[in-house]
Structures are given as C-alpha cells and as structure tokens.
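Colleague: Below, each chain spelled out in residue letters.
Protein chains: 2
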Amino acid sequence: MIGYPTKKRKQQTANVSLQFNRRGMGLEEDINQSNAYFREMGIALIYKKPTPVQIVRVDYPMRSRAKIVEAYFKTPSTTDYNGIYRGKPIDFEAKQTSLKTLFPLKDVHEHQIEHLRRVLFHGGIGFLLLRFSYYDETYLIDAKKVIAKYDDPSTKSLTYVWVKQEGHLVPQSFQPRLHYLKIVDTLYFEEVTHDE
Amino acid sequence: MIGYPTKKRKQQTANVSLQFNRRGMGLEEDINQSNAYFREMGIALIYKKPTPVQIVRVDYPMRSRAKIVEAYFKTPSTTDYNGIYRGKPIDFEAKQTSLKTLFPLKDVHEHQIEHLRRVLFHGGIGFLLLRFSYYDETYLIDAKKVIAKYDDPSTKSLTYVWVKQEGHLVPQSFQPRLHYLKIVDTLYFEEVTHDE
Numbered sequence: 001m002i003g004y005p006t007k008k009r010k011q012q013t014a015n016v017s018l019q020f021n022r023r024g025m026g027l028e029e030d031i032n033q034s035n036a037y038f039r040e041m042g043i044a045l046i047y048k049k050p051t052p053v054q055i056v057r058v059d060y061p062m063r064s065r066a067k068i069v070e071a072y073f074k075t076p077s078t079t080d081y082n083g084i085y086r087g088k089p090i091d092f093e094a095k096q097t098s099l100k101t102l103f104p105l106k107d108v109h110e111h112q113i114e115h116l117r118r119v120l121f122h123g124g125i126g127f128l129l130l131r132f133s134y135y136d137e138t139y140l141i142d143a144k145k146v147i148a149k150y151d152d153p154s155t156k157s158l159t160y161v162w163v164k165q166e167g168h169l170v171p172q173s174f175q176p177r178l179h180y181l182k183i184v185d186t187l188y189f190e191e192v193t194h195d196e
Numbered sequence: 197m198i199g200y201p202t203k204k205r206k207q208q209t210a211n212v213s214l215q216f217n218r219r220g221m222g223l224e225e226d227i228n229q230s231n232a233y234f235r236e237m238g239i240a241l242i243y244k245k246p247t248p249v250q251i252v253r254v255d256y257p258m259r260s261r262a263k264i265v266e267a268y269f270k271t272p273s274t275t276d277y278n279g280i281y282r283g284k285p286i287d288f289e290a291k292q293t294s295l296k297t298l299f300p301l302k303d304v305h306e307h308q309i310e311h312l313r314r315v316l317f318h319g320g321i322g323f324l325l326l327r328f329s330y331y332d333e334t335y336l337i338d339a340k341k342v343i344a345k346y347d348d349p350s351t352k353s354l355t356y357v358w359v360k361q362e363g364h365l366v367p368q369s370f371q372p373r374l375h376y377l378k379i380v381d382t383l384y385f386e387e388v389t390h391d392e
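Protein sequence lines correspond, in order, to chains R and L.
Each residue of the first sequence is one higher than the one before, counting from 1 in my numbering.
Each residue of the second sequence is one higher than the one before, counting from 197 in my numbering.
Quick caveat, the hints were computed from the structure, so don't treat them as lab data.
In this text, all values refer to a predicted model and were calculated from it rather than measured experimentally.
There's no promise every hint is true.
As the list claims (entries may be wrong) - Derived DSS-like pairs: lysine-lysine, alpha-carbon spacing no greater than 27 Å straight-line:
id: 1; chain 1: L; residue 1: Lys245; chain 2: R; residue 2: Lys106
id: 2; chain 1: R; residue 1: Lys182; chain 2: L; residue 2: Lys263
id: 3; chain 1: R; residue 1: Lys49; chain 2: R; residue 2: Lys149
id: 4; chain 1: R; residue 1: Lys49; chain 2: L; residue 2: Lys360
id: 5; chain 1: R; residue 1: Lys144; chain 2: L; residue 2: Lys270
id: 6; chain 1: L; residue 1: Lys341; chain 2: R; residue 2: Lys74
id: 7; chain 1: R; residue 1: Lys67; chain 2: L; residue 2: Lys341
id: 8; chain 1: R; residue 1: Lys74; chain 2: L; residue 2: Lys291
id: 9; chain 1: L; residue 1: Lys263; chain 2: L; residue 2: Lys302
id: 10; chain 1: L; residue 1: Lys360; chain 2: R; residue 2: Lys95
id: 11; chain 1: R; residue 1: Lys49; chain 2: L; residue 2: Lys291
id: 12; chain 1: L; residue 1: Lys360; chain 2: R; residue 2: Lys48
id: 13; chain 1: L; residue 1: Lys245; chain 2: R; residue 2: Lys95
id: 14; chain 1: L; residue 1: Lys244; chain 2: R; residue 2: Lys48
id: 15; chain 1: R; residue 1: Lys74; chain 2: L; residue 2: Lys263
id: 16; chain 1: R; residue 1: Lys74; chain 2: L; residue 2: Lys360
id: 17; chain 1: R; residue 1: Lys182; chain 2: R; residue 2: Lys67
id: 18; chain 1: R; residue 1: Lys74; chain 2: L; residue 2: Lys244
id: 19; chain 1: L; residue 1: Lys360; chain 2: L; residue 2: Lys302
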C-alpha cells in the first residue's frame, strides 16, 4: 500500500538538496568537489562539517527508520571545513559575496573568528576562502589578516582592492575546481611551486 | 497570543537532548565536557562533529526562523571527533559497550575505519576511545591496532583482555572527566610524563 517509500524519498531529497545548494551557492559545491578530489587522490583529508541542527522531536513511524519532525538550524561554533594536509591541521571558512567592491565582515560569525584565532594558537593552518561571485574570483586570505581586520573597530568590511592585494587568487580548473592547496603550499610550506 | 514561543521551545529541547544523551551514553558527554575544558584552558581545540542529518523539508512559519519538518539521520562518513593538539591533527571515534568480555567490531562503521586509515596516511594522530561501561573503564587504542584487528577476517571483536593489554586506560577525574590527552602525550609525543 505504501509502495516504495524509500525511492520516493530519495527523489524528494535530491530536489531539496539542489534547492539548498542554491542557497549554499556555487562556492560550497566547488569546495566539496575539490575536497572529494583531494581525498580520492590521497592529497588531503578535508571535509565540510555537517550543518549543526538542534533536534527537538523524532518520530519512529512503523518499523521504518527514525524521522526527525522538528529541528532548527543552529549557529555553527566553528568554521565549516577542517582536516589534514601534509601532516598539518587545516581549518577554514568559505564565504561568498555578490557585491563588487567589498565583503561585509558581519557575514562572518564572531565565534568563527574566535575559532580561527584558536586554530592559529594551536599551530594549525587557518584561512578564509572568499569568492567575489561578480568576478567569479575566489581568494585565499590568511586567517591572521582576516582577524586583524575583524579586530580593527574602524573596519566593517574587506574591500575587493584589499583582498586582491592581501589575498591569493585560487586557481580554478575542471578537476579540482578550486585548487586552494596550491596556495597553501606556497604560503604555509615555504616551497617553490613551478606549475602555478 | 503566541506567548513566548522561544522559551517554551527551549524547555522542550532540553528534555529531548537529555533523552538523546542517554542514547549517546555517558561517554559522549564525558568527552564533550573534557573537550570544552581543553578548549577553555587553551590545551587543545577538539570538537565533536554535528550529527549528519539529511534535510528533506523545511517550513518557514510566519516570520519565525526556518523549521525543519522532515529529516533523517545519515550514516557518518568520518569519525565523530577531530581537532588540533600541539600543532598536530587529532581524530578519533568513541564507542561504548555494556558487554563484559568484548566489543563487537561491527559497531564501528566501515567508513569510520577507512577514515582512520586516511588520518594515519596523512600524518594525523588517530585512535579509538573505547569504554567498557560495566567496569567504568575507558581505553585509548591506537588506530593502527584497531585497523589491524578490523582487517583480520578471523577477528570479530576486541576482547576486554586484548584491550587491557594493547590499549591504555584513560585517567578519569572531575575536570577533565577523561584526560585522554595524557595518553596522547606519552604515545605520540614521546615525552616523559611524571604525573600520571
């Protein structure tokens, strides 16, 4: 009578994730694809953390798996991405703006900044991946620089001009879409790369 | 008319998380408390990853925040805990058994083992925290040893005797409840600790 609920559910889910990715923009998808490539090739082990959700009510409809029927999005207490690269802890946040001239710093949660502060304190590699979608350009900006701007009470945003100067343009390709680890190599491992 | 919906919701949530913690047992709570202590004291930056949830349907009831009304628990593709300790990536899974003589290896997901394999490959510190709740004892077992057992087709479980031999009993106290980093110090940083 119920007829292949699993199959139906899967289709539904696919649609919804498409819808959600649009909110999450192209950047998140590009990073996820790049991380999957890095994992597959044994280059790095970096994951996006699951979206933190506060679960309020769960149903157990007849013999099927648990169904969450009431839950809310929580504010994340850390950055979205972390993992291991060349034996070092790596941790970053990704943001996107459609504005042409600046990225408003209020779009970064305060505890994400605090988290990056701690990443640096504990000897990890930390940065922000920032996309200016108008130019289709993604920049890696060292956490220290972002934190300094955040701590400066006279600064409300990162200007595009500043990001071009202080950040590093991430090479884009088909596979991986965003090769941000090339920037990490030059910035944090002090080695000469020839193929950039 | 609606009357403090936020407050009500908070109470509800608290009850539910209690209920969930019971499923998650004392071990998860002990680790979370210990990690909070380590973060607060600037000792380590280790978090539990949020439970991965597949979101199917979200409602936006009048002007209030988004409410997830259909979602399902997903099988995690990584371990539950990761972070940074003394400049090194740290990654582990926590399990508990009420059995007296063994821990069944089928209670560890295959991709969690695969993940730990990759953690070691990329130069991270990986292990399993295993609690035998009958004895109220928690052991740290190096990932390499757990993986070797997992790969051995004749082994279906970790026996209590083996864990006592090959693992390391984690010191328990009030604050932090589980000082597993003491074991990490001796195992992975090759330094003499006097106060164990």
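Colleague: Straight-line Cα separation of Lys360(L) and Lys302(L) no greater than 27 Å?
Modeller: holds, 20 Å
Colleague: Next pair to validate is Lys182(R) with Lys263(L); report whether the Cα-Cα distance is within 27 Å.
Modeller: Given pair Lys182(R), Lys263(L) is violated - Cα atoms ~40 Å apart, limit 27 Å.
Colleague: Within a Cα-Cα threshold of 27 Å, do Lys244(L) and Lys48(R) meet the stated pairing?
Modeller: holds, 13 Å
Colleague: Quickly compare the C-alpha distance for Lys263(L) and Lys302(L) to 27 Å and report which way the hint goes.
Modeller: Violated, at about 35 Å.
Colleague: Run the distance test for Lys360(L) versus Lys48(R): straight-line Cα separation, threshold 27 Å.
Modeller: violated, 35 Å
Colleague: Would the hint linking Lys49(R) and Lys291(L) be met if the CA-CA limit is 27 Å?
Modeller: Holds, because 20 Å separates the two Cα atoms, which is no more than 27 Å.
Colleague: Checking one constraint from the list: CA of Lys67(R) to CA of Lys341(L), max 27 Å. Satisfied?
Modeller: Violated, because 36 Å separates the two Cα atoms, which is more than 27 Å.
Colleague: Taken at face value, is the distance from the CA of Lys74(R) to the CA of Lys341(L) at most 27 Å?
Modeller: The hint is violated at about 37 Å.
Colleague: Holds or violated: are the alpha carbons of Lys74(R) and Lys360(L) at most 27 Å from each other?
Modeller: violated, 40 Å
Colleague: Mind checking the alpha carbons of Lys74(R) and Lys244(L) for me, to see if they're no more than 27 Å apart?
Modeller: holds, 15 Å
Colleague: Next pair to validate is Lys74(R) with Lys291(L); report whether the Cα-Cα distance is within 27 Å.
Modeller: holds, 26 Å
Colleague: Lys182(R) and Lys67(R) were given as a pair; does the straight-line alpha-carbon distance stay at or below 27 Å?
Modeller: violated, 42 Å
When held up to the earlier numbered hints, the structure conflicts with 2, 4, 5, 6, 7, 9, 10, 12, 16, 17 and fits the remainder.
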